[in-house]
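Engineer: Chains as they are written, first to last, in my numbering: chain L, 1 to 270; chain F, 271 to 668; chain H, 669 to 963.
One or more hints might be untrue.
Quick list of simulated restraints, FRET-style, between CB atoms [said to hold, decoys possible]:
no., chain 1, residue 1, chain 2, residue 2, range
1, L, P251, F, D310, 28 to 36 Å
2, F, S316, L, L66, 35 to 43 Å
3, H, H688, L, F77, 51 to 59 Å
4, H, H688, L, T10, 56 to 64 Å
5, L, L66, H, F743, 42 to 50 Å
In case anyone wonders, no lab produced these hints; they're calculated from the structure. Glycine included, every Cβ here is placed at the ideal spot set by N, Cα and C.
So you can see what is in the structure, the chains are spelled out below.
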Amino acid sequence: MTLSRGIRITLVVFTLLTLVIVYAPLALVVLNSFNTSKSFAWPPPDLTFRWWEAAAASQGARDALLVSLQVAALATFVSLVLGTMAALALQRHRFFGRNAVSLLIILPIALPGIVTGIALNNAFRTIFGWDLGFLTIVVAHATFCIVTVFNNVQARLRRLGGNLEEASMDLGAGIFTTFRLVTFPMLRSALLAGGLLAFGLSFDEIIVTTFTAGAEAQTLPIWIFNNMFRPNQAPVVNVVAAVLVLASAIPIYFAQRLSGSTNQGLTGAR
Amino acid sequence: MRKTQLFATACALALVAAGCGTSDDNGTTSKTGGTFEVPDLPMLDSLGENEGKVSILAWPGYAEDGSADPAYDWVTPFEKATGCQASIKTFGTSDEAVTLFKTGDYDVVSASGDASLRLIASGDVEPVNTDLVDNYADIYPFLKDRDWNSVDGQMYGVPHGYGANLLMWRTDEVQPAPTSWSSVFEAGSPYAGKITAYDSPIYIADAALYLMNTQPDLAIEHPYSLDEEQLQAAIDVLKVQKEMVSEYWSDYLKEVQAFTTGDSVIGTTWQVIANVAEGENVPVEAILPDEGSTGWSDTWMVGATSENKNCAYAWMNHIVSPEANAAVAEYFGESPANPKACDLTSKGHCETFHAGDEAYADKIWYWTTPIEQCLDGRTDVKCTDYSRWTQAWTEVKG
Amino acid sequence: MDPGVDRGQGLTLSATLHRHPGLRLGLLLTPPMLWLGVAYLGALGALFITSLWGQDSFTGEVQRVWTLDNFRDLFQLEVYRTITMRTLGTAALVTIVDAVVAFPIALYMAKVASPRVQRLLVIAVLMPLWASYLVKAFAWRGMLSERGLVSWLAAPFGLDTPGYGLTATIITLAYLWLPFMIIPIYAGLERLPDSLLEASSDLGARSGHTMRRVVLPMAFPALVAGSIFTFSLSMGDYIAVRIVGGTNQMLGNVVYDNVGAANNLPFAAAVATIPVVIMLVYLAAVRRTGALDNL
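Starting from the given sequences, assemble the full structure and let the hints guide the process.
Structural biologist: See below:
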């Protein structure tokens, strides 16, 4: 390695320190899920499994979790389709306005969530006249999830170049066949990585969701928001959060394995 | 240039779309409610079958279903008796109530005086046929046909109860016990950095009330009737207070939490907040200072576009029935609207909250929407209206 | 392997598409563009048109009367300038803090760690993203409170918790967006060929020098890419401020209060133009650094 030992040791120290700071609040959350004090007094007076039992029995949390999973799945699917189409369009063709389209795709995520939220809320209610509910949340989420898929697929397409596809068509395969048998398998891991990021984005989204959810639909973040301060529910919220963190290791691990090169899989950032 | 073409097309489409969107003023208007036009909406003639569900928009503590505290539940009995499944949404300020109710997602709302007239004027609520509400007859007469819940003799809702905003403090952190609002308004308070206040423009009235008592030369007669000069004085008081505030609250549970951790030790509150805090073993006490206070007199109102009006009426009838009214009055800390509830509340509750005491009730400065026409009767000046108050509140918070 | 089933029809359609790349492009682009270009841009456009309308403050109804009152109030009243400056300042500080904290760990992950450790570290950095944003903010509220963790840790040093306020907001926001800064920098540094570093040291530069003259400039686009997220997320945030910000308000709060409480959509839309304009300017500025390719 060409970096001096001094620098390497500094880096290790910083890394460890950063990890400690990153995980301290999360550790606190897990600890508080066992805290007998409902207002999370520090240090915890005593530990109990009560909240974990309450969480397992909580209908509200389960329903909200289900809604969140469904919304995220649908939004991911839509963004996968649209993001791939956009990436294929931009990567395989040259046309005026390429940059504008690129910017447009980034826009939902670059603009502050509250702006997207109130814009979509206004549009849904007054222009389209829709009732706010499950579908409006999906539409809103898909809008800003497109970019994660788009980035991943575009990066992969750029890396791959068009040679294999050209070869396939030279050999007589039509466009759809080429896509099915050549392009798609090559894109698969990028799609997976992008889809996973999109899923994560949609799952934890609160700001845009608040504006597009209406009274009935309740995703998990909304449920958390409504229960965070309630004395009887706040510890249950901590339990839910703890479970989410621990459970998240699985999909992230898979994304790592399947994306091949570590960086390409994850630089859909956000 | 493709880019500009794209942009121009988008703009054009947006203009067209926008032209089709955004609600407009409501259609025909006929009656004039004093200083504003009131849409002419029909009221329910007779009750039919209960629709099976009702969506309630309520102040926290008004529609308890046992989820906050299993001991307090008057929603489940309602659901069992009427078959109307209730879904409840709470809000923190009257502004939020108006905004939420305008979405049309709710059937019935508990509106304070600063929300009720606005809902009436915008046609979001319809007149209430009080003959269809059995318990209405029992309600205290002085709560009926008031400025904030009726127009030209037509009732727009069912009175819920009334109460005052209180001063609460941590008994272990604040000594000696405070007796006046000056503890939160006067500069140089020993509790600077730990004071809390209500996060709504209507709180300006509390500062105005303080000025009524401490600066009589400002000649403030009515805390919701402030001309620009008086408003400025109130703003100055609030700016002084802001330096001492730890955080403003509108979510009542956030205030409970702040008092529990000790980040706030003194400030404006509702009795229900003190009750919840005491339930969490936090040592607090709440009083109504002698100089008086702002407060609320709430009315249950029915949405004009509601599809569950029968259940809505059933809910209104239930909440002013003696049992439920007693339960909510105790839990929230207010006077019930139904005198029969006083037989069911704990001893001394109705005395403490001056139930039925019309003279006392008139001393509380109920939340009212400030308008340009001075509510204290002055005609030589223009008073500041609510949008000015909203702007002023943003200025105060800085 | 044989796609022969509907070979005849498929071949004609696919042949048509092959001969007309324009058609292909059109078909590929139309759905995303309808969704984003018309629906999303249209929604934004409608919102900004609303900012030119008025509102009846009593009933809360939007009145379609063209007026510049909203923008006039926005520019004339000092409080909005204060809030804008505060928001910009916070976003900038959050970005700087995140960049400073993220760089060492990203560098370690990209250049020093073994592949296995690298993989573990990536997982470790990403996992907190799945803990709910709200829960993390709320955890910081607990940590920063009167008798919370920070106060407990700082006591032996004679210090105390900063309490709820701007400092707390910056800390919390920096914490929340840290992964969004680490990953792009890590990706950017990973793309940095080791051979460059070796060449630099072969030419006699010490590590520090290499870092300053080779690594940092090449990682700059990635840094900027990360900053787009931290900046944008901080500009519009209103929830974390409400949870740990004490009495402070930022632009997001003003927008939210005007939509949610005051029901004054026209004014909220006018306020919303501020962060949008700032972000568009920012995006335009960073395009030249190539950061957008690093997203």
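Engineer: Hint by hint, say whether it matches the structure.
Structural biologist: Here is what the structure says about each hint:
no. : hint                             : verdict
1   : P251(L) with D310(F): 28 to 36 Å : 58 Å, violated
2   : S316(F) with L66(L): 35 to 43 Å  : 41 Å, holds
3   : H688(H) with F77(L): 51 to 59 Å  : 29 Å, violated
4   : H688(H) with T10(L): 56 to 64 Å  : 59 Å, holds
5   : L66(L) with F743(H): 42 to 50 Å  : 47 Å, holds
In terms of the numbered hints stated before, the structure departs from hints 1, 3, listed from lowest to highest.
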